[in-house]
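**Q** Build the full structure now, drawing on both the sequences and the hints.
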Amino acid sequence: GAGVSQSPSNKVTEKGKDVELRCDPISGHTALYWYRQSLGQGLEFLIYFQGNSAPDKSGLPSDRFSAERTGGSVSTLTIQRTQQEDSAVYLCASSSKPGGLGYTFGSGTRLTVV
Amino acid sequence: GNSVTQMEGPVTLSEEAFLTINCTYTATGYPSLFWYVQYPGEGLQLLLKATKADDKGSNKGFEATYRKETTSFHLEKGSVQVSDSAVYFCALSEWGLSTGNQFYFGTGTSLTVIP
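Keeping their order, the protein sequence lines are chains A and B.
FYI, the numbering used here numbers position 77 of the first sequence as 77, with every residue one higher than the one before it.
For the numbering used here, add 114 to where a residue sits in the second sequence, where the first one is 1.
In case anyone wonders, no lab produced these hints; they're calculated from the structure.
Careful, some of the hints might be misleading.
[Said to hold, decoys possible] The following residues of chain A were derived to be distant from chain B, with all beta-carbon distances above 10 Å:
id, residue
1, 21
2, 28
3, 41
4, 56
5, 68
6, 72
7, 81
8, 83
9, 95
10, 106
11, 113
[Stated by the list, open to error] Okay, derived cross-link-like pairs now, DMTMM-like style, lysine to aspartate or glutamate, Cα gap no bigger than 25 Å in a straight line:
id, chain 1, residue 1, chain 2, residue 2
12, A, 97, A, 44
13, A, 97, B, 208
14, A, 57, B, 208
15, B, 166, B, 208
Note that the structure is predicted; figures quoted are calculated from it, not measured.
By construction, the Cβ of each residue, glycine as well, lies at the ideal position given by its N, Cα and C atoms.
**A** Here it is as structure tokens:
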């Protein structure tokens, strides 16, 4: 596609429910990143995929968070048993090669846990 | 480790005023430096970048110079417009095998330009 597409754009969920956030990167971009933007805390790196592989998952905030990427394209970030502190904007970005500086961000998914 | 510290906001300026947003960084290697902008209701957009010491990035009248000796990358614009009202993020990136081109962002500086 023309840009990085994220869905849903907004999600309100009840505490304790599971949510799945989707990222559709720019076609052909092999590198994909997830970040979290919390109010007053800037952007926090969560995970990096090169192709379908994520070499390091230690940036995920807790074991309730998981991420996968299939077919070298779409990625999903899943949060199980959501907590209020998970409320944030989740941003996805992609680039054309691992060391590439051409990072394109999606518009994000605003998650609100009530 | 890597980190970015930028000037706290919010900043309010009159149209045509001079803008400076300070940014300093700490890095273990030789990072690239960036300014991103987030307009109300929109996603992050790259404003400018510099990949090595003494490089100057510029775009839309904004500029910033990579100063290794002061570990700084201050954003400047000579004459701001109302349309420049946004949140500005300073960031660095360093390549790592397990983290790719991970970005480290400052907390953002909100700029409001009044007519």
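**Q** Sort out which numbered hints this structure fails and list those numbers smallest first.
**A** 3, 4, 9 and 10
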